Amino acid sequence: MIVGNGEIEPGLAPVIDAADLVIRFNECRSFGAGGTRTDVVAVCNTGRPPLMMLSSPEWRASQPVNDCREIWSVRDPEKFRELRPALMATHPELADFCDDYTDALAAFANDAGKTHAVIDRSVHEAVDAALVPFDPGDYVVPSSGMVVVASILAQAEEAGDAVALTGFSHEGWDGHPFAAERRLVDSYIAAGRLSRLPQTNFISPPEGA
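For the sequence shown, the numbering used here assigns the number 1 to the initial residue and increments by one for each residue that follows.
Simulated from the structure, these hints should not be mistaken for laboratory data.
Quantities reported herein were computed from a predicted structural model and do not represent experimental measurements.
Virtual Cβ for every residue (Gly too), placed ideally from N, Cα, C.
Among the clues, some could well be false.
Computed Cβ-Cβ distance ranges for the label pairs, DEER-style [claimed, not checked]:
1) A159 with G113: 21 to 29 Å
2) A162 with A104: 17 to 25 Å
3) G192 with A126: 16 to 24 Å
4) R84 with P10: 39 to 47 Å
Use the sequences and the hints to build the structure in full.
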């Protein structure tokens, strides 16, 4: 179960908590109304979001972060080091977008007795390629949610697991190609690779999340 940071329709919490694996994102804003089970917290590990999380005692001590077994960094540091020069030319306002906090997140996970993993750049690049038929236009990077969905689908199909998501409305920061991501996810649902639980309005993430 991949749980985004959107509002969750009443009654879904028990369904979410009954999954074998529950993944939440960053501040885990769906925690509570969207159930409480949290096995993985997938975090944006570059730019402003990780700086805000790591500097927040509330985030460090939050129940979903305490409960999770694993913390995943969704952005491959090498990929983002390579992106920086071109991004600075086209989006100078995102000067801190590629600042890397992966090592700090890994140290936090280690100190808390959790596994830390980095999603490989190949997943990011596969998402870029998969988005092409859906007219993504100009965008900065895929969203963290889309990268995690792609990573989980690759693993689940090998294992024969079913994957569902909720709390995704594919809206938010305009540096992500949300309209194309929605169409890509819909194509996975139509192909039987993924299912979507009912969901309502999206809680807009911080810029770059």
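Outcome of the hint check:
1. A159 with G113: 21 to 29 Å: Given range 21 to 29 Å: holds, Cβ gap about 25 Å.
2. A162 with A104: 17 to 25 Å: 34 Å Cβ-Cβ, so the 17 to 25 Å window is violated.
3. G192 with A126: 16 to 24 Å: holds (19 Å)
4. R84 with P10: 39 to 47 Å: holds (43 Å)
Checked against the numbered hints given earlier, this structure breaks only hint 2.
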